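From first to last, the protein sequence lines stand for chains P and V. The first sequence begins at 12 in this note's numbering and counts up one residue at a time. The second sequence begins at 12 in this note's numbering and counts up one residue at a time.
Be careful, since some hints might not be right.
[What the hints assert, rightly or not] Some chain P residues close to chain V (C-beta under 8 Å, calculated; not the full set): (1) Ala210; (2) Ser221; (3) Trp342; (4) Ala343; (5) Thr436.
[What the hints assert, rightly or not] Far from chain P, by Cβ distances over 12 Å, these chain V residues were calculated: (6) Lys384; (7) Asp397; (8) Glu415.
FYI, nobody ran anything at the bench for these hints, they're computed from the structure. The structure displayed is predicted, hence computed values, not measured ones. Glycine included, each C-beta is placed from N, C-alpha and C at the ideal position.
Protein chains: 2
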Amino acid sequence: MNAVLDRPSIDLARQREVVAALAAILPASALLHAREDVQPYECDGLSAYRRLPMVVALPETEDQVQRILKICHRLRVPVVARGAGTGLSGGALPPGDGVLLSLARFMRILEIDPAARTARLQPGVRNLAISEAALQYGLYYAPDPSSQIACSIGGNVAENSGGMHCLKYGLTVHNILRLRAFSIEGELLEIGSGGLDSAGYDLLALMTGSEGLLAVITEVTVKLLPIPQRAQCILAAFDEVVKAGQAVANIIAAGIIPAGLEMMDKITTGAVEPFVKAGYPLDAEAILLCESDGNEAEVAEEIERMKAVMHASGATEVRVSASEAERLRFWAGRKAAFPAAGRVSPDYYCMDGTIPKKALPRVLNAITELSVKYGLRCMNVFHAGDGNLHPLILYDANQPGELERTEQFGAEILKLSIEVGGTITGEHGVGVEKINAMCEQFGTLELAAFHAVKAAFDEHALLNPGKAVPTLHRCAEYGQMHVHGGSEKFRDLPRF
Amino acid sequence: MNAVLDRPSIDLARQREVVAALAAILPASALLHAREDVQPYECDGLSAYRRLPMVVALPETEDQVQRILKICHRLRVPVVARGAGTGLSGGALPPGDGVLLSLARFMRILEIDPAARTARLQPGVRNLAISEAALQYGLYYAPDPSSQIACSIGGNVAENSGGMHCLKYGLTVHNILRLRAFSIEGELLEIGSGGLDSAGYDLLALMTGSEGLLAVITEVTVKLLPIPQRAQCILAAFDEVVKAGQAVANIIAAGIIPAGLEMMDKITTGAVEPFVKAGYPLDAEAILLCESDGNEAEVAEEIERMKAVMHASGATEVRVSASEAERLRFWAGRKAAFPAAGRVSPDYYCMDGTIPKKALPRVLNAITELSVKYGLRCMNVFHAGDGNLHPLILYDANQPGELERTEQFGAEILKLSIEVGGTITGEHGVGVEKINAMCEQFGTLELAAFHAVKAAFDEHALLNPGKAVPTLHRCAEYGQMHVHGGSEKFRDLPRF
Numbered sequence: 012m013n014a015v016l017d018r019p020s021i022d023l024a025r026q027r028e029v030v031a032a033l034a035a036i037l038p039a040s041a042l043l044h045a046r047e048d049v050q051p052y053e054c055d056g057l058s059a060y061r062r063l064p065m066v067v068a069l070p071e072t073e074d075q076v077q078r079i080l081k082i083c084h085r086l087r088v089p090v091v092a093r094g095a096g097t098g099l100s101g102g103a104l105p106p107g108d109g110v111l112l113s114l115a116r117f118m119r120i121l122e123i124d125p126a127a128r129t130a131r132l133q134p135g136v137r138n139l140a141i142s143e144a145a146l147q148y149g150l151y152y153a154p155d156p157s158s159q160i161a162c163s164i165g166g167n168v169a170e171n172s173g174g175m176h177c178l179k180y181g182l183t184v185h186n187i188l189r190l191r192a193f194s195i196e197g198e199l200l201e202i203g204s205g206g207l208d209s210a211g212y213d214l215l216a217l218m219t220g221s222e223g224l225l226a227v228i229t230e231v232t233v234k235l236l237p238i239p240q241r242a243q244c245i246l247a248a249f250d251e252v253v254k255a256g257q258a259v260a261n262i263i264a265a266g267i268i269p270a271g272l273e274m275m276d277k278i279t280t281g282a283v284e285p286f287v288k289a290g291y292p293l294d295a296e297a298i299l300l301c302e303s304d305g306n307e308a309e310v311a312e313e314i315e316r317m318k319a320v321m322h323a324s325g326a327t328e329v330r331v332s333a334s335e336a337e338r339l340r341f342w343a344g345r346k347a348a349f350p351a352a353g354r355v356s357p358d359y360y361c362m363d364g365t366i367p368k369k370a371l372p373r374v375l376n377a378i379t380e381l382s383v384k385y386g387l388r389c390m391n392v393f394h395a396g397d398g399n400l401h402p403l404i405l406y407d408a409n410q411p412g413e414l415e416r417t418e419q420f421g422a423e424i425l426k427l428s429i430e431v432g433g434t435i436t437g438e439h440g441v442g443v444e445k446i447n448a449m450c451e452q453f454g455t456l457e458l459a460a461f462h463a464v465k466a467a468f469d470e471h472a473l474l475n476p477g478k479a480v481p482t483l484h485r486c487a488e489y490g491q492m493h494v495h496g497g498s499e500k501f502r503d504l505p506r507f
Numbered sequence: 012m013n014a015v016l017d018r019p020s021i022d023l024a025r026q027r028e029v030v031a032a033l034a035a036i037l038p039a040s041a042l043l044h045a046r047e048d049v050q051p052y053e054c055d056g057l058s059a060y061r062r063l064p065m066v067v068a069l070p071e072t073e074d075q076v077q078r079i080l081k082i083c084h085r086l087r088v089p090v091v092a093r094g095a096g097t098g099l100s101g102g103a104l105p106p107g108d109g110v111l112l113s114l115a116r117f118m119r120i121l122e123i124d125p126a127a128r129t130a131r132l133q134p135g136v137r138n139l140a141i142s143e144a145a146l147q148y149g150l151y152y153a154p155d156p157s158s159q160i161a162c163s164i165g166g167n168v169a170e171n172s173g174g175m176h177c178l179k180y181g182l183t184v185h186n187i188l189r190l191r192a193f194s195i196e197g198e199l200l201e202i203g204s205g206g207l208d209s210a211g212y213d214l215l216a217l218m219t220g221s222e223g224l225l226a227v228i229t230e231v232t233v234k235l236l237p238i239p240q241r242a243q244c245i246l247a248a249f250d251e252v253v254k255a256g257q258a259v260a261n262i263i264a265a266g267i268i269p270a271g272l273e274m275m276d277k278i279t280t281g282a283v284e285p286f287v288k289a290g291y292p293l294d295a296e297a298i299l300l301c302e303s304d305g306n307e308a309e310v311a312e313e314i315e316r317m318k319a320v321m322h323a324s325g326a327t328e329v330r331v332s333a334s335e336a337e338r339l340r341f342w343a344g345r346k347a348a349f350p351a352a353g354r355v356s357p358d359y360y361c362m363d364g365t366i367p368k369k370a371l372p373r374v375l376n377a378i379t380e381l382s383v384k385y386g387l388r389c390m391n392v393f394h395a396g397d398g399n400l401h402p403l404i405l406y407d408a409n410q411p412g413e414l415e416r417t418e419q420f421g422a423e424i425l426k427l428s429i430e431v432g433g434t435i436t437g438e439h440g441v442g443v444e445k446i447n448a449m450c451e452q453f454g455t456l457e458l459a460a461f462h463a464v465k466a467a468f469d470e471h472a473l474l475n476p477g478k479a480v481p482t483l484h485r486c487a488e489y490g491q492m493h494v495h496g497g498s499e500k501f502r503d504l505p506r507f
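One chain only, chain P, in its complex shape (with noise of 0.2 Å):
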């Protein structure tokens, strides 16, 4: 963390003609290399790590998105993709040999159609847009990222992004038919279909989540659900975390599937409160929110079951939203709670592990454990129902040593998410963050699928260079090399 990769040794010769061979075809003003022009390009979310690129390009059309890969394939030019830069595992981190191509001028929505209930859109278009956009159909898109007032359908699609409704409607990989994308070759694959399945192997999930190493994506077409007539959401409250994890999990073995399902401990209700005034419980250690959708009856039936598992688990309170502004009000603090850990600590570290929902009370108990270990504080503020942790580490980077213990803290939160038989990403993406975490969830055999895998869309590997998946050498250094026990040889290395 808090890598700061400059363009130390720029190639300046270099630089000169891969500009002068994008000047070709794209217009002075969609083409950076000063090194003010290209600083607001050196990170994404992951601010921690910065690296000046060498060129940024902003092109319009797809054809120019060709031209730029085609150009920069036949100079061998590394080239990272970026939509609306907030992703939070340094996915879109740019190179410092090469070219940030930047989509945030693809904002159209090029179609909606209420009968088929899709949404064809430029990947630059925001997420909440599209559900702007389809609302006077009654529609909306269901994934819902905590950013979705600023990132991108692209980004969400490299990302394979969640969200607060993903446990009820899925991730962003069960809500898409079709992507035009081009390959490093700069040709156009036209994926999926408007049907239910396609035929041959399943592309669309392939480039879902495989954050920009595979194909530039170009456009997306997204499904659209019916907004549904009633949603409700219970608050309640415990006086142990371990016991509002026992809680998630009962709900799930009760047979309900929750529109949402978050969870909060007390220095998170504590940081939110005094400026979201969502008027939570401050005595409780946490809380959940867990809500209802679909029609009046349905919601009216759920939401009581719902309250008599919640009892059942022991909440000292629960409160169900009495109106659609309270109900807003009790969501408002859960968005607001990553800002509000700026308030409680100068620095913060958001893990993404993800574990199997009947893993969360021991998990909780070890991240506790762990807190005390490591002497640093952590915000549990997480979507509980698809158990998928969003531990915040609450450090000071001033502090000799915190940041070290941080990464410690954090890696062994990890260890402990593969150890359940969960994984280390839910929804952010491995990016540069999680690489190493990689070396310790896959053996040799996967990895080296993986890297088959990119060999066969991008040979040169080009796209999106030291992100997403380890090289078997860095998982050596590591120190980590798992060997299953039913393997008697490796694959041939690949030579990235």
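Dock chain V against chain P, hints included.
Frame of chain P, contents of chain V only:
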């Protein structure tokens, strides 16, 4: 169709070599090669295509699977994995010069975890057996292909099977969490996680529906769902097929997601009713079965809304199942539709095109016109809610020219499916049956991407050769070679 592909030029020396190598690791009872012993494996559910395998292997352990694959890889012997053999596109058609690898003996349910709501299964476990075993916990496995009594979960994964309930509950890919699979080199890949998402490229989705071309699956962990409190089914009758199609579009447009939405036309109900006695109105040109499931209140309200849409769409009769027995009777007719086709025609050809739901009326009209054009009757029975058409073209193979006309009729339906933005297969797979249609659906670049993925996992193309993805050479011969406007060059053709 009806292509009986014998093993005309079986290489006896080669057969001896392969049998000798496999005999070192398999008991005699697990290794078949005499003509009469391998005969039962000559085809799957697409019995028009038959071919005798050179060798049949019946392993019982992962270790044996691994060794078989290593031997086949070393000797460069093709391998076709087979589950229950119920596939409808010839995906398990054996190799005349290779090993049919039956997973029929992998029949154990390894674990049911009611807290995590998962089941860990060997691939030969029957689809219905999963729900039977989960019943004691109030859970079930949602995807329910018509063949669920017989078909196996491994085959379901290989084909990404659907079923009556996949409109609401998703395809196989949406209902599995983890796979254990062996590459052709005999390397174990552990894919997926117990969390909602997994890091790295989505190999879980890539394997699902890959029709045995990428790896051999030896274990599947599926998600289980709570059995709904209640289910109720509407039977709606229409005096025109197109009106029934419009009613489907209207249900979806009203924001209702039924648990099942199936259509049968008059020929189908007439064929089924005499022996199922479902109580279908035989004067109706088409009927819809529309199911609601969930909690009591939700079902009651949803059924009312469904009834209103059916009436508004011009239904001549709307009946609601008054008991669980009646609900099951409604469905019994639907489930018997395929076998019933045998009562009204010597032969039938089942299609599987999937289209956007809004195109239903147009496509149904076109099928009626094509039926007249080719002078062949067609039973329309299908998963209407997800646009997955199963027209059954009725023909008599003994009448000169009928088979050819049937194939042309079918090809026109698939072309039309592609034209309206759909796809050539919803749930039955491509196999050998629809391999030419793949040339219609995909351009050269998409096919090249498929081949690159294949080569990443199986560079010598030993796993299920000749299935699912046509060579570019084949498409050129078939007279279809799409080239997208945006592309100037092709990738190198793979050598298989």
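Going down the list of hints, with the structure as the test:
no., hint, result
1, Ala210, "holds, 5 Å"
2, Ser221, "holds, 6 Å"
3, Trp342, "violated, 20 Å"
4, Ala343, "violated, 25 Å"
5, Thr436, "holds, 5 Å"
6, Lys384, "holds, 24 Å"
7, Asp397, "violated, 4 Å"
8, Glu415, "holds, 24 Å"
Consistency note: the structure conflicts with the earlier hints numbered 3, 4, 7.
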